[in-house]
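A.B. asks: In case you want the letters, here they are:
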Amino acid sequence: MIGSEIPALIPVTYILFAILIPVVGLWKRELTWHLSLLGTGIATFLSAWGFWHLIQTGETIRYFFGGWAPPIGIEFVYDGLAAFIVLVINAIAFLVLIHSKEISKVEFPGKKMAYYTVSMLLMLGFNGMVLTGDLFNLYVFLEISSLSSYALIGIGEKRAPYSAFRYLIIGTVGGSLYLLGVGFLYTVTGTLNIIDMHAMLPQVIGHSSVISALILMVVGVGVKAALFPLHGWLPDSYTFASSTSSALIAPIGTKVAAYILLRIVLFLFGVELVDDQLPLTTILGAFAGIGILYGSIMAIAQSELKKMLAYSSVSQIGYIILGISLANPFGFIGAVLHILNHALMKALLFLVSGSMRLKEGHSLITKFDNSYRKKYPWTMAAFTTAAISMVGLPPLAGFFSKWYLALGTIENSSWLLLAVILISSLLNAVYFFRIIEKIYLNNPEAEEAIEDETIQNNEVGFSMMFPMAVMAIGLLLVGIFNVYIVNVIFTMFPAGF
Amino acid sequence: MLEFFLGHYAYWFTIILLALGLYGMLLKKNLVKKIIGLSIFQAGVILFFVSVAMKEGATVPVKAYNLPVSEVSNYMNALPHTLMLTAIVVGVATLGVAFALLINIYNRYGTLNEEELIDKIQ
Amino acid sequence: MELTYIPLFAVLVSLAAVPLILLSSKKPNLREFWTILAGVIKFLLVLTLLPSALQGNVIEFELFEIAPNLPLVLKADTFGVFFALIASGLWIFTSFYSIGYMRGHHEKKQTRYFASFAICLSSTIGIAFSGNLLTFIIFYEMLTLATYPLVIHSETKKGIAAGRKYLTYTLTAGLLLIAAAGITYSLTGTLDFQAGGIFEGTELSQTMAVTIFILFLGGVGVKAGIMPLHSWLPSAMAAPTPVSALLHAVAVVKSGVFGVIRVVGFIFGPEVMAEFGLNEILMVLAGITVIVASLLAFAQDNLKRRLAYSTVGHLSYIVLGVALLTETGLIGSIMHISFHATMKITLFFCAGAIMVNLHKKDISELNGIAKVMPWTMAAFTIGSMGLAGIPPVNGFVSKWYLASGALEGGMILPVIILVVSGLLNVGYFFPIIHRAYFRKGGPELEGHTEASPFMVVPLFSTAVLSILFGLNPDLFFNFFDMATSIASSIFNPL
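Chains as they are written, first to last, in my numbering: chain A, 946 to 1442; chain P, 42 to 163; chain E, 123 to 616.
There may be inaccurate statements among the hints.
Straight-line Cα separation of at most 20 Å, PhoX-like style, residue types lysine-lysine; simulated pairs [said to hold, decoys possible]:
#, chain 1, residue 1, chain 2, residue 2
1, A, K1383, E, K279
2, E, K280, E, K230
3, A, K1319, E, K230
4, A, K1304, A, K1383
Part of the chain E face toward chain A, derived, beta carbon under 7 Å [what the hints assert, rightly or not]:
#, residue
5, P190
6, I260
7, E263
8, E277
9, L293
10, L297
11, A301
12, G304
13, I305
14, S308
By construction, these hints were calculated from the structure, which means they are not laboratory data. Note that the coordinates shown come from a computational prediction; the quantities given were computed from them, not determined experimentally. Ideal Cβ placement from N, Cα and C applies to all residues, glycine included.
One chain only, chain A, in its complex shape (with noise of 0.2 Å):
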């Protein structure tokens, strides 16, 4: 019944509430957080109702838009991947968002119904690109997320503007790398439908210009994923972006975008034929191996903590990247599970840090003590389970993803990369073990001990504790309850497994 109409129905929720969030701002100021929320409630719900039914049924659903046909027309494709992806951010944006409400009394007062309108933009382009079935209608989604992840990092504090700016260079030279290798894939097989185009691409394969489009699109899209070395727009845009930017987009936008390398490796070109001209898994997954290390190396020299998290965002995605360039079954589960592991774990950081500088007015770590402790025990107490599981210990949801991915490297007798992601686990340890310590430890150099009496209980409210203690509850229950999530993915696999 409605289920067939899923994959139409949640972009156009977030158009509606894109257009009806200014309209109900001009006239009250103080609804829009709330139809922010119910925008994602709902596109949430629709999610996960399409994800379910899909489960039930195992149909792929193909919706064409206009009721025109492919290749000529444009569809979206729903299949087990993209729902799962597409229930992950849109689950992840909803529990940001509530977050929000105190953050934006303090980061961006004044502005909170463009900040609201550009934020159901910025779902929309990412839930387009996850569920398009076009190439092209992918370029379109890519640059709508895109433009509002400029606006939205452009929100912040004094250097957030040229962060964006910079950011907004280099993703639009990204996406147009991506849309020049579309372009020569149109000229060699004249048509842009992803189904349509991985059954022609065996008969082109040798074409010297798709080989040329494949690189395109890999290091256009890799702009986005914040691949090693196109990373480099990342740290700034996160750091001085507001708390709830960085919570909304690094979550979400880089997973997207690594979402898109997945299909595009492994789903359109496919196993067999992307690695017939060049190396192209062996050069992702060095690429991956570089950024994993040199992110978790960077974040450890970093003293504050956002841009700590930055750094450790692009050691992370090397592992979703790694996972992909395996082209093997665990690479393939490993990556997804990543997928959803890394969101819930930095969405639930970022707005560990945006609790600090709300509460203290910064969050730089040289200023930690151990005063937290008891000023924020349950704050303190999802930090620290996410920062558990981000270094990979079990029960936690972190530690299966890396499992996987280690069976991955190990099927593939890739042992370097094995190593580097258990040497990562440990650098994660250190930077991470660093700020535990520094709150719950009393520091023996400091010249004054903390009373302990005069300490209170400032935990922050609900708003805020709602989504943190769900994102903490939920890396747990993922991380024992994964068999199900595992078994899904199975069903995911692209043909060639």
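Here the structure of chain A is known, so what remains is to put chains P and E in place on it, guided by the hints.
C.D. replies: Frame of chain A; chains P and E shown alone:
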């Protein structure tokens, strides 16, 4: 050799535009000039697509009163043209956001020169 | 109740106590009551598994799949019950001792201490009852995390540094273990512990076998204190003494050697070990550790550090016995797990009592304390005798079997190592006893008496237990029978 260049002049043109655009974005210090470089870069991509649509002896994909549409060889490939209309709009929107950011930067720092900007930020 | 649920409950009972402990932080007596109650229940639960373990039955309880085809499974086989008995039994003693120690020392953050302890014991029992490598790894890492708050308890510079070192070593070990498990899984398709090994029928090259073994060894060897991975243990002495006693003489380190035996006996199996010469690697490392640790013990003036190096040495007795690949040797190893535990915990309890009562940490300060703390020093003497291998304390029995195991395998060198180490043990323990009994104490001893009964009763009880086990190794718990059947199951798999 000459045929190679002349036969593929559209591609060379595109490459030159892309290179010019990159040059502008990377090497120019003024932020507005960077945006212009970006525009040129995007224009290069757009013109590439349009050039692909070209057919010998065909006319623009707008219906002429005396040429039937069923004879497709009369008209250039319309699809890239339509796609590029969208892309141009995207480009314009990008320019809009970029300039909004520039206005913001100018209001906060008073300069649009990258070197001065970096100094002021430190 | 159905026997199959008991392993699960045994693991969970102290976890259930944690919220109760946290909630009763304002009422110390209630809080300690929960700890003791959990400990007693845990011990009794494990005890009910003893009869079936003695018959060689395995009680398996599959929790749920935690990865495709890899369930979280608790398996109470004989070896698991053996280890669980020791850990849970000694926890009861430690809990009483902790009360005396923590209160006598006016320690802060006692709630965190008792809560972490409860989680540690849960993890230890989980390790004991792990049915496959993945379950083992999960509980192993839990143990690492749960012991961290205990190591850094004092929150001094030394403590925090010790904690960092501890984490670095143990987290790296965990990662190596994961790598080893991953490779094993892709080679054999299973991670189950099976007596006799799981590599039967798998193609293994020499390099692959050695590499996997080294990875495993790195993983479990850190906690087992095999040199050069041992140096976290002396640093961890910065923790309060009950922590050093139970965790670093019993739970954590014995989890390490437990892991070594699981790897050698239940993953690789004696045949595979011999085929690729893996036991020789183990023997060399263990032999070196025994001698070097015993020598290093001499150099320590701090009592706890001397005991720490002694522990390192004795742990490698166990590893050495495993490396012999003979049934008798393995019996000796397994028994040494429990016997060394009772002896070492006695010694650590004594060290803690001395510290709380007389504020003395270094051996050079211990002149004449036997007059003031007769019971403590008597227990200390008993423990030391046992570690040196002097009858009738139980240490003699396990050492006898270790030596016999070496002779059975036709190897003289391990016997020599054991004898030399025994002499070294005497060498570093005897001076302490001599000082305590035969040197005149200083004036600061005036007015002091024996330490609080909360501390003295446990430490003397474990000392007495050591003697009783030495006279009859099968007393109460049939340790000897269990060790025999475990060794037999590994060397003669069905």
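A.B. asks: Taking the earlier hints as the rules, which of them does this structure contradict?
C.D. replies: none
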